[in-house]
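Model the full assembly from the supplied sequences, consistent with the hints where possible.
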Amino acid sequence: MVPIKEIQRISEYEWEIPQSYRNEMRGAVRIFATRRLLEEISGDKSLEQAVNSTTLPGLVGNVLVMPDMHQGYGFPIGGVAATRYPEGVISPGAIGYDINCGVRLLASQIEYESVVDWLGDLTTSLYQHCPSGVGESGEIRLSEAELEKVCVEGSHWTQKKGYATEMDLRRTEETGRIAGANPSKVSPRAKSRGRPQLGTLGAGNHFLEVDIVEQIFDPRAAQEMGLQEGMLAVQIHCGSRGFGHQICTDYVREFQSVVKRYDIELPDRELVCAPLDSPEGQNYLAAMCCAANYAFANRQVLTHNARQAFEEVLAGKVKNWHLFQVYDLAHNMGKVEDHKVNNEVITVCVHRKGATRAFGPGSPGLPPEFSKIGQPVLVPGSMGTASWVLVGTQESMERAFGSCCHGAGRVMSRSQAKKTIRGENLRQELIQSGIHIQAGSLAGLAEEAPQAYKDVDAVVQTVSGAGIARKVARLTPVIVIKG
Amino acid sequence: MISQAPPDPLSSQAKPPHCLTPAIAVKPLFDCLKQCVAQEAEGYLKQTGFREIEHTADRELEVWAPDMAQLLETAARGMNVISGVLTADQVPQSRTIQFQNADPETLLVDFLNELLYFVETERLAFDQFHITETGGIWEARLSGKPIISQEKEIKAVTFHRLEVRRTEQGLTVNIVFDV
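From first to last, the protein sequence lines stand for chains B and U.
As numbered in this note's numbering, residues 1 to 483 make up the first sequence, in order.
As numbered in this note's numbering, residues 484 to 662 make up the second sequence, in order.
Heads up, a few of these hints could be off.
To be verified - The calculated lysine-lysine pairs, modelled on DSS-like cross-linking and capped at a C-alpha distance of 27 Å, are:
no.	chain 1	residue 1	chain 2	residue 2
1	U	Lys635	B	Lys418
2	U	Lys635	B	Lys419
3	B	Lys419	U	Lys529
4	U	Lys635	B	Lys191
Stated by the list, open to error - Just so you have them, the derived chain U footprint on chain B, three or more residues with Cβ under 8 Å:
no.	stretch
5	150-164
6	402-415
7	474-482
Unchecked claim - Examples of chain B residues toward chain U, derived with CB under 7 Å:
no.	residue
8	Asp44
9	His70
10	Gln71
11	Gly74
12	Tyr97
13	Val134
14	Gly135
15	Ala203
16	Gly242
17	His245
18	Arg269
19	Phe324
20	Glu369
21	Ser441
22	Ala443
To be clear, the hints were calculated from the coordinates, so they are not data collected in a lab.
Think of the CB as a built atom: it goes at the ideal place given N, C-alpha and C, for glycine as much as any other residue.
Put into structure tokens, the structure is as follows:
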């Protein structure tokens with residue numbers, strides 16, 4: 001545990017654990033938090049994990065942690081670390097097992113008031129069209145050859161199969177296809193896990209949610225994104241399923257000996273890594289890109305299925321039942337990007353684990369319509385509470401390697417949540433507050449109770465106050481689908 | 484500190500499968516657990532068991548056992564409890580897996596991840612274990628049944644702060660599971 005007295009206040013929204021805190025640190029830990037959020041996160045091991053992360057060889061600048069930070073394994077959730085490319089390292093554990101876990105937001109011109117009577121039917125239809133829960137398979141059965149195409153082409157594979165529009169791809173991080181994927185670097189085990197799972201949500205904190213756009217804060221940005229007050233929107237939160245889990249498992253295992261080969265000493269074996277310019281580092285990067293592309297394709301197939309559900313229930317009842325993409329972005333990923341550090345543009349590998357990319361206006365890789373406003377940043381709240389749409393800023397580029405928070409962030413353990421919250425009671429509370437819900441497990445529902453998470457409004461106020469993102473819209477849920 | 488030098492708890496004692504009661508309150512998941520005689524379980528718990536440790540986002544188990552083979556078995560039982568698996572009342576199925584000798588932590592992660600792979604790809608959960616080590620090769624003969632329901636998906640077994648520690652009773656380890 002890092003004592004609070006060791007943490008220096010930089011501003012109302014920023015704190016620092018200086019590099020001098022421990023000898024082996026290669027940079028400081030910069031924390032985006034209010035005092036209250038800082039006190040909350042100092043109750044677990046997340047700050048210690050952030051300090052450990054500063055020992056990664058080739059670290060550039062500081063390890064950053066977002067206000068939704070909480071304890072993970074090895075690298076904290078909400079952490080961002082950039083390593084110099086190509087001589088620095090890449091660490092699979094600093095990206096996470098669910099590679100390219102991420103969020104997609106779809107908007108609509110469906111007025112909430114006009115479809116209130118059909119929300120129950122829509123809930124059932126979404127639950128039927130979007131497989132969720134532990135061990136669930138999708139309708140698509142990929143051959144090994146098709147899986148390899150998904151690995152390389154990502155969302156572009158789904159477009160060829162009729163699951164995606166051009167706009168979907170344009171409004172996805174990296175257009176849903178990261179270059180550098182090589183399926184030969186993926187184990188047969190990972191492939192066997194990946195083949196039946198495309199188009200599935202999974203379980204845990206993954207969800208599909210229908211929201212109302214409750215309030216607009218930045219009309220110009222909202223207009224560019226197609227968000228209008230009172231209209232429905234859809235969020236899809238999931239990742240690369242067993243395919244990504246196995247790839248990370250394989251490489252964390254392999255890197256246990258790789259660190260010895262390259263004389264890398266680390267305070268935690270889950271932080272194992274390899275130099276980016278080593279064969280081992282390159283192999284992981286190529287495999288990670290396969291999982292990232294799989295996850296983009298996964299969310300795209302779910303998008304297609306959600307559209308089918310909307311059409312099935314609302315066609316003929318409302319004039320326009322279509323869902324169009326706002327944005328899709330990853331929050332567990334390692335990305336090779338150029339950033340300006342000390343007035344010099346350098347290439348780095350940005351590890352974001354439980355943190356999103358948040359590129360500011362004019363950044364490369366943004367669709368033309370977002371070039372002036374900055375990249376949309378999607379921050380889902382805990383179940384039953386608000387979610388936020390933000391945009392990246394120039395400040396996020398200068399101070400956070402173009403990164404931002406990814407959600408509310410847990411504050412209560414899963415076992416504690418199950419002890420104190422009854423799933424059935426929670427389900428009834430959500431229903432009484434006007435939220436339709438379908439969940440595979442009541443115990444799983446209890447684990448994801450709002451009380452187990454921080455206040456997402458406070459998290460968003462922090463990144464907004466710190467200047468690394470700007471508020472665009474606040475969403476509130478009306479349908480929740482959970483595994 | 485070990486009170487008696489031999490046997491080394493990090494090597495297998497090739498003991499027969501044991502029934503045990505988990506140290507946290509859960510409903511019995513397997514026939515084996517149901518058959519446990521309370522008295523036997525009470526005495527056994529002193530040497531072998533597991534309990535859940537609070538973790539903000541993931542799940543953590545503390546596991547203890549007299550030797551490495553039983554530590555592997557007990558950790559597997561603990562993982563079954565975290566998964567919340569319920570199995571069908573069918574004829575048990577057997578599988579055998581082998582591992583190269585490695586450091587105790589790697590062995591533990593390899594073994595548990597192997598079981599997770601069976602859970603996901605074959606929908607099989609094991610409740611009988613016979614684990615031996617011969618000449619640096621570990622072999623686990625497993626017996627289990629098809630899963631009919633599973634409460635929690637475990638993504639992976641992590642190396643986070645993983646250290647198999649020797650105690651006077653044998654071995655103990657804390658394992659963090661990504662869920």
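Going down the list of hints, with the structure as the test:
With a CA separation close to 13 Å, the supplied pair U:Lys635 and B:Lys418 stays within the 27 Å bound. Distance hint between U:Lys635 and B:Lys419 is fulfilled; the C-alpha atoms sit about 16 Å from each other, no more than 27 Å. Proximity of B:Lys419 to U:Lys529 is assessed by CA-CA distance (about 26 Å); at most 27 Å being required, the pair is judged to hold. Of the pairs offered as hints, the one joining U:Lys635 and B:Lys191 holds, with about 22 Å between alpha carbons and a cut-off of 27 Å not exceeded.
Interface restraint, the stretch 150-164 of chain B with chain U: violated (0 residues with C-beta to C-beta distance below 8 Å; minimum three). Given as covered by chain U, the stretch 402-415 of chain B passes the check, having 6 residues with a CB less than 8 Å from a CB of that chain where 3 are the minimum. Figure legend: the stretch 474-482 of chain B, annotated as covered by chain U; annotation inconsistent (0 residues with Cβ-Cβ distances under 8 Å, at least 3 required). Nearest Cβ of chain U to the Cβ of B:Asp44: about 5 Å, under the 7 Å cut. The hint holds.
Among the interface hints, the one on B:His70 holds; its C-beta lies about 5 Å from the nearest C-beta in chain U, closer than the 7 Å criterion. Taking 7 Å as the C-beta cut-off, the interface hint given for B:Gln71 holds, the closest approach to chain U being about 4 Å. The closest approach between the C-beta of B:Gly74 and any C-beta of chain U is roughly 5 Å, which is under the 7 Å cut-off, so the hint is satisfied. With a cut of 7 Å, the hint placing B:Tyr97 at the interface with chain U holds, because the nearest CB-to-CB distance is about 4 Å.
Annotation: B:Val134 was flagged as interfacial toward chain U, and the flag holds, the nearest CB pair being 4 Å apart, inside 7 Å. With a cut of 7 Å, the hint placing B:Gly135 at the interface with chain U holds, because the nearest CB-to-CB distance is about 6 Å. Annotation: B:Ala203 was flagged as interfacial toward chain U, and the flag holds, the nearest CB pair being 5 Å apart, inside 7 Å. The criterion of a C-beta within 7 Å of any C-beta in chain U is met by B:Gly242, whose closest approach is roughly 5 Å, and the hint holds.
The interface hint given for B:His245 holds, since its Cβ lies 4 Å from the closest Cβ of chain U, which is under the 7 Å cut-off. Given hint, B:Arg269 at the interface with chain U, holds; its Cβ is 4 Å from that chain's nearest Cβ, closer than 7 Å. At its closest, the beta carbon of B:Phe324 sits 31 Å from a beta carbon of chain U; the interface hint therefore is violated under the 7 Å criterion. With its C-beta approaching chain U no nearer than about 35 Å, B:Glu369 sits outside the 7 Å limit, and its interface hint is violated.
A distance limit of 7 Å between C-beta atoms decides the matter here; for B:Ser441 the minimum to chain U is near 6 Å, and the interface restraint holds. Given hint, B:Ala443 at the interface with chain U, holds; its Cβ is 6 Å from that chain's nearest Cβ, closer than 7 Å.
Of the numbered hints listed earlier, those contradicted by the structure are 5, 7, 19 and 20.
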